[in-house]
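Colleague: Given the sequences, and given the hints that come with them, work out the whole structure.
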Amino acid sequence: MKQQELENKLEQIKDKLIGIEKKSDTRIYLDCESENAPDVCRYLFEDVPLRFVIVTGIDAEHAFEMLYHFSNDETGTVVTVKAFIRERENPSIESVAPFIPGAEWIEREVHDILGIDIKNHPNLKRLILADDWPEGVYPLRKEVKQ
Amino acid sequence: MKTTKEMHKPILAVGPFHPLQEEMEFYQLTLDGETVTDIDVRISYNHRGIEGVSETLQFDQVPFLVSRVCGICSASHPLAYINAVEEIAGITAPERAQYVRVIINELERIHSHLLWVGLGGHFIGYDTVFMWAWKYREPVLDILEEITGNRNNYGNVKVGGCREDIPDEQIHKILKDLDDIEKNTDLLIKAVLDDPIIHARLKGVGILTKKDAIDYAVTGPTARGSDIAIDVRADDPYAAYGDLDWNVISQPEGDVFAKAVVRLLEVQEAIKIIRQALKKLPKGPVAIEVKEIPAGEGCGRAEAPRGETFHYVRSDGGNRPVRHKIRAPSFVNVPSFKASCIGEDIADVTITLAAVDPCYSCTERLAVVDSHSHITHTYEDLMQLSRRKTERIKKELGYTGLKMEDLHIG
Chain A
0 MKQQELENKL
10 EQIKDKLIGI
20 EKKSDTRIYL
30 DCESENAPDV
40 CRYLFEDVPL
50 RFVIVTGIDA
60 EHAFEMLYHF
70 SNDETGTVVT
80 VKAFIREREN
90 PSIESVAPFI
100 PGAEWIEREV
110 HDILGIDIKN
120 HPNLKRLILA
130 DDWPEGVYPL
140 RKEVKQ
Chain B
0 MKTTKEMHKP
10 ILAVGPFHPL
20 QEEMEFYQLT
30 LDGETVTDID
40 VRISYNHRGI
50 EGVSETLQFD
60 QVPFLVSRVC
70 GICSASHPLA
80 YINAVEEIAG
90 ITAPERAQYV
100 RVIINELERI
110 HSHLLWVGLG
120 GHFIGYDTVF
130 MWAWKYREPV
140 LDILEEITGN
150 RNNYGNVKVG
160 GCREDIPDEQ
170 IHKILKDLDD
180 IEKNTDLLIK
190 AVLDDPIIHA
200 RLKGVGILTK
210 KDAIDYAVTG
220 PTARGSDIAI
230 DVRADDPYAA
240 YGDLDWNVIS
250 QPEGDVFAKA
260 VVRLLEVQEA
270 IKIIRQALKK
280 LPKGPVAIEV
290 KEIPAGEGCG
300 RAEAPRGETF
310 HYVRSDGGNR
320 PVRHKIRAPS
330 FVNVPSFKAS
340 CIGEDIADVT
350 ITLAAVDPCY
360 SCTERLAVVD
370 SHSHITHTYE
380 DLMQLSRRKT
390 ERIKKELGYT
400 GLKMEDLHIG
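So the protein lines, in turn, are chains A and B. The first sequence runs 0 to 145 under numbering that gives the first Met the number 0. The second sequence runs 0 to 409 under numbering that gives the first Met the number 0.
Think of the hints as simulated: they come from the structure by calculation, not from any bench. You can take every hint at face value.
In silico BS3-like cross-links for lysine-lysine, where the CA-CA straight-line distance does not exceed 25 Å:
#1 Lys-175/B x Lys-278/B
#2 Lys-210/B x Lys-8/A
#3 Lys-172/B x Lys-278/B
#4 Lys-282/B x Lys-175/B
#5 Lys-337/B x Lys-118/A
#6 Lys-209/B x Lys-337/B
#7 Lys-8/A x Lys-209/B
#8 Lys-1/A x Lys-21/A
#9 Lys-337/B x Lys-124/A
#10 Lys-175/B x Lys-134/B
#11 Lys-189/B x Lys-134/B
#12 Lys-1/A x Lys-210/B
#13 Lys-290/B x Lys-22/A
#14 Lys-189/B x Lys-175/B
#15 Lys-8/B x Lys-124/A
#16 Lys-209/B x Lys-1/A
Modeller: Below, the structure written as structure tokens:
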């Protein structure tokens, strides 16, 4: 898919977004609230369609961020859906694994390291932390890192 | 007597400690007779928290850390990280550095693919292939050692360029070595691809369909063997790949043989790339000085031998990354076993599991080069040293040698 076609398609999901940030021709960030993230991801994966790359979970300044990275390989563009989870006590987000099987592991990993509840995940078992790692301690949370 | 419905299904556990695999992974295969009906993969016996450690290091220390994510992909991880950081800082490394990066990364591809071919041969009980492939891999590691000082964990890339240059006087020798490597690998590639036994063992085995490949978001030879011609080197060109003439190899079948063909032909392409890069190596510095990394975020990618390596880096303007996410290709390739192993014969599962080339580390050495004192130890020297050490220990222990009468035979 050519760049112009991609950008036109991204425009169509605009009402689910807070904003579109174009850092360069090949790096586009779509900011949204956490409840819209699955719809945006489904649109990118199934309708545009883009290749799913990975999710980055961040305990950022004012919110948890879930960054869903997608790739349009014809133009080398990385499209990142940046979803903000503003609830700090019980952070949660809907799973994308039911329609992107390749996201199953990374959602489990984010659950392990940041303690974000992934709702309706098909198999939310521990993935990377050891069996004897204490419950409720999330290694990439700010309070643990400090 | 239990009815079929109540019977427990047998589960075959492979791992987590397995004589074939140096790394720990745990596969539980559910069986119906000899057919695999389900697979459960358990990973992370070797979780080292590298993403967390990275946030405690300065930007210029991180490449040394991430080259240790994987012993085999120790050029592509730092390069993907550097691509992300240079994107944040808006800097471009000098042209010569871009070419040196290509050369190191393609040498890595050759040695990694030959390693896989050897292991693949070993897994199907064809050890001649194992011996050949690993024999021809050695000279590639020697070149890497000559350039960077290390056979693995090269630590050659840094923000703004490369740590070690390739001296012009070395180019002729590397080109000559490359001719030998090409001659040998061509022979190996032809022999492997022509072999009726390998055809019988690998064709139609462990098929990953194009749809499954997309759903599981696989990359690298695992994707290219399933008719998806993606390759970061061509799609989102970094280093000097955009200036060089080479082909993305893909195959439509999706079976283990297709993945083998992709890797073997990529060895030939890699040789082609290195030769061009050496001949076109631009003059000039190999690095620029970079003082500060501004606040921002960047996505860096590199095509590792196993597929796309993806690094996301966020900076707050300080001297360390505030978040550094690493996605190695095996992280998306391994879950695709769910699609490729089910319905397979138990005997074919080993090679199907090996077909995505989950990472094995190899740090054995025979030739030691100490570049500081210019002492070269050959194989014979090392044997001598070993014998002398044994003699010394015998003397220290007062060991006089084995006497038959001490054995109390009969």
